[in-house]
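Asks: The lines below spell out each chain.
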Amino acid sequence: MSRDANQAVATPEGNPDPQPVSIRRNPLTTAVILAATFVVWTFLVFPAVWIFVGSFKTNETMFSATAFTFTLENYATIFRVGFGRFIFNSLFICLVAVVISTFVSVIASYVFSRKRFRRKRLLFGAVILGQLFPWIILVTPLFIMFARIGLLNSHAGMIFSYVAISIPFSVYLLVGYLETVPRELDEAAVMDGCSQFRIIWTIIFPVMLPGIVATATYAFLLMWTEFLFALAFLTRTSLKTMPLGLAQFFGEQSIDWGAIMAASAVTTLPALVLFLPLQTKLSAGLTAGSVKG
Amino acid sequence: MLAPIFFFLAFFYGYPTLSNLYNSFTDLSLLGLKRGGEFIGLRNYVELLSSRDFYRVFWNTLFWLTAVSVVLRLVLGLALALLLNSMTLRRWRLATVSRLLLLVPWATPPIVAVVVWRWLLDGRQGFVNGALQGLGLIDRPIAFLANVDVVWPSIVTIIVWNTLPLVTLTFLAGLQSVPPELEEAAEMDGAGAVQRFFHVTLPHLMPTVVVMALLLVFWTFNNFVYVWLATGAGPGLFTNVLATEIYIKGFIDFELGYSSSVGMVMAALMAVLGLVYFRFVALREFREIL
Amino acid sequence: MADLNLRRVSKRFGDVTAVAEIDLEIAHREFVVIVGPSGCGKSTLLRVIAGLEELTTGEIHVGGEPVHRTPPAKRGIAMVFQNYALYPHKTVAGNMGFALRMAKVPGPEIERRVIEAARILQIEDLLERKPRQLSGGQRQRVAIGRAIVREPKVVLFDEPLSNLDAALRVDMRVELARLHGSIDATMVYVTHDQTEAMTMADKIVVLREGRIEQVGSPMTIYHHPANVFVAGFIGSPRMNLLPGTVRATADGAVTVDVAGGLRITVPAEATGIAAGDPVTLGVRPEDLAIGPDPQGTAFDLDVYVIEPLGGETILYGQIGGQIEERIEEHDAGRLEDRAGGARTLVVKTQGGATVRNRQRVPVRVVPEVCHLFDRAGVALPRPAGAGDVTPPETEAEEPERMQGEKLR
Ligand SMILES: Nc1ncnc2c1ncn2[C@@H]1O[C@H](COP(=O)(O)OP(=O)(O)O)[C@@H](O)[C@H]1O
Ligand SMILES: [Mg+2]
Chain A
1 MSRDANQAVA
11 TPEGNPDPQP
21 VSIRRNPLTT
31 AVILAATFVV
41 WTFLVFPAVW
51 IFVGSFKTNE
61 TMFSATAFTF
71 TLENYATIFR
81 VGFGRFIFNS
91 LFICLVAVVI
101 STFVSVIASY
111 VFSRKRFRRK
121 RLLFGAVILG
131 QLFPWIILVT
141 PLFIMFARIG
151 LLNSHAGMIF
161 SYVAISIPFS
171 VYLLVGYLET
181 VPRELDEAAV
191 MDGCSQFRII
201 WTIIFPVMLP
211 GIVATATYAF
221 LLMWTEFLFA
231 LAFLTRTSLK
241 TMPLGLAQFF
251 GEQSIDWGAI
261 MAASAVTTLP
271 ALVLFLPLQT
281 KLSAGLTAGS
291 VKG
Chain B
1001 MLAPIFFFLA
1011 FFYGYPTLSN
1021 LYNSFTDLSL
1031 LGLKRGGEFI
1041 GLRNYVELLS
1051 SRDFYRVFWN
1061 TLFWLTAVSV
1071 VLRLVLGLAL
1081 ALLLNSMTLR
1091 RWRLATVSRL
1101 LLLVPWATPP
1111 IVAVVVWRWL
1121 LDGRQGFVNG
1131 ALQGLGLIDR
1141 PIAFLANVDV
1151 VWPSIVTIIV
1161 WNTLPLVTLT
1171 FLAGLQSVPP
1181 ELEEAAEMDG
1191 AGAVQRFFHV
1201 TLPHLMPTVV
1211 VMALLLVFWT
1221 FNNFVYVWLA
1231 TGAGPGLFTN
1241 VLATEIYIKG
1251 FIDFELGYSS
1261 SVGMVMAALM
1271 AVLGLVYFRF
1281 VALREFREIL
Chain C
2001 MADLNLRRVS
2011 KRFGDVTAVA
2021 EIDLEIAHRE
2031 FVVIVGPSGC
2041 GKSTLLRVIA
2051 GLEELTTGEI
2061 HVGGEPVHRT
2071 PPAKRGIAMV
2081 FQNYALYPHK
2091 TVAGNMGFAL
2101 RMAKVPGPEI
2111 ERRVIEAARI
2121 LQIEDLLERK
2131 PRQLSGGQRQ
2141 RVAIGRAIVR
2151 EPKVVLFDEP
2161 LSNLDAALRV
2171 DMRVELARLH
2181 GSIDATMVYV
2191 THDQTEAMTM
2201 ADKIVVLREG
2211 RIEQVGSPMT
2221 IYHHPANVFV
2231 AGFIGSPRMN
2241 LLPGTVRATA
2251 DGAVTVDVAG
2261 GLRITVPAEA
2271 TGIAAGDPVT
2281 LGVRPEDLAI
2291 GPDPQGTAFD
2301 LDVYVIEPLG
2311 GETILYGQIG
2321 GQIEERIEEH
2331 DAGRLEDRAG
2341 GARTLVVKTQ
2351 GGATVRNRQR
2361 VPVRVVPEVC
2371 HLFDRAGVAL
2381 PRPAGAGDVT
2391 PPETEAEEPE
2401 RMQGEKLR
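Protein chains in written order, with my numbering: chain A, 1 to 293; chain B, 1001 to 1290; chain C, 2001 to 2408.
No lab work stands behind these hints, which were simulated from the structure alone. Take these hints with a grain of salt, some might be off.
Said to hold, decoys possible - Here are the simulated EDC-like pairs of lysine to aspartate or glutamate, each with C-alpha atoms no more than 20 Å apart in a straight line:
| hint | chain 1 | residue 1 | chain 2 | residue 2 |
| --- | --- | --- | --- | --- |
| 1 | C | K2074 | C | D2003 |
| 2 | C | K2348 | C | E2368 |
| 3 | B | K1034 | B | E1288 |
| 4 | C | K2090 | C | E2109 |
| 5 | C | K2090 | C | E2116 |
| 6 | A | K115 | B | E1288 |
| 7 | C | K2090 | A | E184 |
| 8 | A | K115 | C | E2054 |
| 9 | C | K2130 | C | E2111 |
| 10 | A | K120 | C | D2015 |
| 11 | C | K2074 | C | E2059 |
| 12 | C | K2348 | C | E2307 |
| 13 | A | K115 | C | D2015 |
| 14 | A | K115 | A | E184 |
| 15 | B | K1034 | B | E1255 |
| 16 | C | K2074 | A | E184 |
| 17 | C | K2090 | C | D2125 |
| 18 | C | K2130 | A | E184 |
| 19 | C | K2074 | C | D2184 |
| 20 | C | K2074 | C | E2109 |
| 21 | C | K2090 | C | E2053 |
| 22 | A | K115 | C | E2030 |
| 23 | A | K120 | B | E1288 |
| 24 | A | K115 | A | E179 |
| 25 | A | K120 | A | E179 |
| 26 | C | K2074 | C | E2151 |
| 27 | A | K120 | C | D2003 |
All figures in this text were calculated on a predicted structure; none of them were measured in a lab.
Given these sequences and hints, build the entire structure.
Replies: Written out as structure tokens, the structure reads:
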């Protein structure tokens, strides 16, 4: 420490310091920072790693940190009890809902971004506030409504719900993205003789494709991991989604940790793969406005 | 072109909210859906406000679920963002790796996050108990998710683990948008690292922090999954929060009317916060198109 | 024929009137430049002509046909945007041919016309590239190519050069002038840069707060600005505007006292002006010269900044003498404004500087080059012979500076 202080004094004022203060190397600081980094890494990654490690362990060695007997039995188990069906259900519901929700959101965001109309502020506010809506209070009335119109225990009901919960933030993200696409592009297309619909699909859609892909991926992940609506609206086993299927393994008496880990791994992997290319876009996009202004 | 979309959204958000409002004035039961509920005026609300359980639920939601976890995430998120942005990490070429590793908890679905933490925190053989015993810090295993002394910190840990990355990456983006000239000007003015942080970096980051705080409050206050999957609102109803209360009252006790009144209390609180968000964040962000 | 007529065209956005009652006649193949400060409604006017904005009132005719209810693509009007607005996912050829494809022109015909336009603009080698692989100047050419490939009757330009660097801007200016000569289209060009306006226009329209201040050839606008605003806006450096008071009026001559104790008799029609009225004397920096004047119409100038530009030199100075007492005569509301204006004077001289900083020099004012504006800022008509002598439309202009020298 004292050596460091001397060093600071030894640099006479006005003498060009080859290294700015902020990056002067202090071994102690460096050590602390590196140590902190490794602690953080452990905290972040360790639990997730154990999902994958645990999924290949037998139930006997499941809780042991050192003993490891490799087995594929856990994966065999989950597929034996019908996890494949859950995967299919999840994929089907999420993919259909993503396509619908993205299609609708692209049009809506285009209209919000480019058109002037009465009550726009109110309508736009209503849509994006949907992002913050407490879903839990929708569960009961929707349950009643679905029961009346026969959407309980149906994929259609889930698709309906997932489209509805993903529209608000899809519109929010897409409008934000559209703001970076110059309006003159649309106007040039108008001058070139494009119809409204053509402008959206032949000009705007390709230009904002990266934004649309990001938004759709995000929507997919939201639906893929959704639990509450699935829990309330799906009671028939053959219709359940993966998160529900996963929760099923928590039996009343015994917990089959091996199966749970395998199911968790299968649930997490697609999310992880989709997340990697998205990272910068999402973290920047979610609070873009706050940084901007 | 917007009309069908609004119709659709009104069908999903608007109508249920109104029907929820109506139900909250009835004694509707899950068993008597066909028959419908009897109008009982404000009785549900009176019952709710005079119940000591409700205040505990409310306190749990407000303090433990929301306040503690949000503050913790903001503070840790900022610290972590500063760490990831530090020259040291960049010099050691660890910054990119760290960012990638940060994605791991974020990409983990909440339900999986809870699952793996339940395993780590298992009351008999869990890894955390093993580690603590191995280090000699405790003699007997702790039932982290069943012991009232530690159950809330355990739940908060799960929430923080799962959602800290989002907060960190957002702050990191904010940090990286601080114009370097600003830092340099402050340095020329003789500000040290700490002063630069408080006079340049933090003020620049403040709008991001405020928005993030608001969003976290929304996401957490309403959240059902973490508590439900981690403890099922237990032990007993010790960790019951508003979201789980609504579910339990409606789908386990079958008292839909009462459950709806809890929902309305929650909706009212969210509406106030939502207006704050709309007025101070959304309106500003989309100034140009509105 | 592709003449463009605007009749009482207005555009309001809620309470804001962006364009107010514009009447304008633009002849076939004319190159019209609309200038004005930013926010004055230039873009809005252009977009109304294009059909991108619906007009609030008025009519637009192209070649005698009303088009203000016609969709933009069917008006025979093309537009070049300030930021080019090229479709990033299409090639140069794709961009240029898009309008023709939308109009269902057959493929070979599209190809022929795209290649022809590319040849005119010298971008034949770029046809397969994407916009992001082009430089600013090349993008600009593609944007122009996209407009002319449709063989429009009217081409609109909205500040097309403002994103280019200074050198490229001069090149493109020449290029556009050449293009205007080689295609059969009327051009309406919007800019806030008065140099572009002066160099390219057949006719300049000066716009301010949505209204036309003056329409005329560059030389008319330069020599006979209709009011203080036009006088200040056209010309660089800006015209000097000095507060003054009318001393006496005669037939075709007004005698004015201005700051610095100068008394000068300017040839102008004294309509609606009487002795004692406040007026503004306008004189362009290039119309002033350093040196004593035998007739005695000269200021004392205390020079405080000298900008040598090589071929010419610009002097900034304060008028010496008893300024304060003069100012008192003017209406109090504009006192400060005028006082500031009253003190400074800009002079543009030929050649290198012979003056040193902090020096007091005499500045000669020739009455014939002066402009007078009444209390409302409206120009007092100058005799046809004043300044420019010849009607501008017919003959090439001799720079006024020379005339001034001759008069001396
Ligand atoms: N879409 C619009 N809505 C409301 N006001 C507008 C709109 N477009 C332009 N304006 C207003 O009209 C005026 C003229 O704008 P504009 O034509 O863009 O000016 P210029 O191109 O000369 O800089 C400005 O006051 C501007 O604020
Ligand atoms: Mg403009």
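Asks: Hint by hint, say whether it matches the structure.
Replies: Evaluated hints:
1. C:K2074 x C:D2003: The hint holds at about 16 Å.
2. C:K2348 x C:E2368: OK: K2348 (chain C) and E2368 (chain C) at ~17 Å, within 20 Å.
3. B:K1034 x B:E1288: 49 Å, violated
4. C:K2090 x C:E2109: Given that 20 Å is the threshold and the Cα spacing comes to 19 Å, the pair holds.
5. C:K2090 x C:E2116: The given pair, whose Cα atoms are some 19 Å apart, holds under the 20 Å limit.
6. A:K115 x B:E1288: 12 Å, holds
7. C:K2090 x A:E184: With a Cα-Cα distance of about 16 Å, the restraint between K2090 (chain C) and E184 (chain A) holds, given a limit of 20 Å.
8. A:K115 x C:E2054: 13 Å, holds
9. C:K2130 x C:E2111: 17 Å, holds
10. A:K120 x C:D2015: The given pair, whose Cα atoms are some 18 Å apart, holds under the 20 Å limit.
11. C:K2074 x C:E2059: Given pair K2074 (chain C), E2059 (chain C) holds - Cα atoms ~16 Å apart, limit 20 Å.
12. C:K2348 x C:E2307: Given that 20 Å is the threshold and the Cα spacing comes to 9 Å, the pair holds.
13. A:K115 x C:D2015: With Cα atoms ~18 Å apart, K115 (chain A) and D2015 (chain C) stay inside 20 Å; holds.
14. A:K115 x A:E184: 14 Å, holds
15. B:K1034 x B:E1255: The hint holds at about 14 Å.
16. C:K2074 x A:E184: 18 Å, holds
17. C:K2090 x C:D2125: 16 Å, holds
18. C:K2130 x A:E184: 18 Å, holds
19. C:K2074 x C:D2184: 18 Å, holds
20. C:K2074 x C:E2109: 19 Å, holds
21. C:K2090 x C:E2053: 26 Å, violated
22. A:K115 x C:E2030: It is violated: about 34 Å lies between the C-alpha atoms, which goes past 20 Å.
23. A:K120 x B:E1288: Roughly 12 Å between the alpha carbons, so the hint for K120 (chain A) and E1288 (chain B) holds.
24. A:K115 x A:E179: 13 Å, holds
25. A:K120 x A:E179: The given pair, whose Cα atoms are some 16 Å apart, holds under the 20 Å limit.
26. C:K2074 x C:E2151: 12 Å, holds
27. A:K120 x C:D2003: With Cα atoms ~39 Å apart, K120 (chain A) and D2003 (chain C) exceed 20 Å; violated.
Consistency note: the structure conflicts with the earlier hints numbered 3, 21, 22 and 27.
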